[in-house]
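Can you build the whole structure from these sequences, using the hints too?
With the first letter of the sequence shown counted as 1, position 98 gets the number 98 in the numbering used here; the numbers rise by one all the way through.
Since the hints were made in silico from the structure, they are not lab data. This structure is a prediction, so every number in the text was calculated from the model and none was measured. Some hints here could point you the wrong way.
As a list, the in silico DSSO-like pairs of lysine-lysine whose alpha-carbon atoms are at most 27 Å apart [unchecked claim]: (1) LYS158 - LYS95; (2) LYS101 - LYS53; (3) LYS101 - LYS169; (4) LYS108 - LYS66; (5) LYS95 - LYS66; (6) LYS152 - LYS18; (7) LYS27 - LYS53; (8) LYS18 - LYS53; (9) LYS27 - LYS166; (10) LYS101 - LYS19; (11) LYS40 - LYS53.
Distance windows between CB atoms, simulated [stated by the list, open to error]: (12) LEU94 - GLY181: 17 to 27 Å; (13) LYS19 - ILE124: 48 to 58 Å; (14) VAL131 - GLY46: 32 to 42 Å; (15) LYS170 - THR88: 26 to 36 Å; (16) THR34 - ASN63: 22 to 32 Å.
All C-beta atoms in this analysis are idealised placements derived from N, C-alpha and C, irrespective of residue type, glycine included.
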Amino acid sequence: MALGVVTTSIFSQDIITKKTGEDISAKVSEITQTEIKYKKFDNLEGPIVSILKSEVIMIRYENGTKDVFNETSAQSVVSSQTTVNNVTDEDMALKGREDAKANYRGAKSGAGWTAATTILFSPIIGVIPAVACSSAAPSDDNLNYRDNNLMKNTAYSKAYIDQAHKTKKKKVWTSFGIGSGAWVLLILLL
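Now the structure itself:
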């Protein structure tokens, strides 16, 4: 029970990283063209606070995704529907998904532990690590992206991370299925 409470408190907050290096624990409510509106995590019932987008490097959301903001000023913010250097956000998102399919392999996804737990203890127990592993987004260390500059693009990085998470889920649940089949086979043979 205590582990569940600790896990919830660790993963139920957004982290806003300012250009000064300061991290703000928050719950982001809105991002506009020029500012980010949020509530401080230690006072979620309190007022909504605003910070200029130009003061922020990155927001890491509770689900593991992140938005990285470019060095552009508020006056030069370009909407996602316009093109910059003839590349739209849709094109960048498509490239992010393709790159994730090519580069992310799901290493350290928890698939091995899921299969082992399922085979050793039963599919009923094996579903616990399967749910835990598949619900967590891949860590930055395991994303295996090739170009740091592309990851600075919000559309690209969001699409890359989302596709990597889908791949991780597929790998974990496939391992659970294989482990369940192996467990049933062992029961039938013994």
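Comparing the hints with the structure gives:
no. : hint                       : verdict
1   : LYS158 - LYS95             : holds (11 Å)
2   : LYS101 - LYS53             : violated (31 Å)
3   : LYS101 - LYS169            : holds (13 Å)
4   : LYS108 - LYS66             : holds (20 Å)
5   : LYS95 - LYS66              : holds (17 Å)
6   : LYS152 - LYS18             : holds (15 Å)
7   : LYS27 - LYS53              : holds (15 Å)
8   : LYS18 - LYS53              : holds (9 Å)
9   : LYS27 - LYS166             : holds (24 Å)
10  : LYS101 - LYS19             : violated (31 Å)
11  : LYS40 - LYS53              : holds (16 Å)
12  : LEU94 - GLY181: 17 to 27 Å : violated (35 Å)
13  : LYS19 - ILE124: 48 to 58 Å : holds (49 Å)
14  : VAL131 - GLY46: 32 to 42 Å : holds (33 Å)
15  : LYS170 - THR88: 26 to 36 Å : holds (28 Å)
16  : THR34 - ASN63: 22 to 32 Å  : holds (25 Å)
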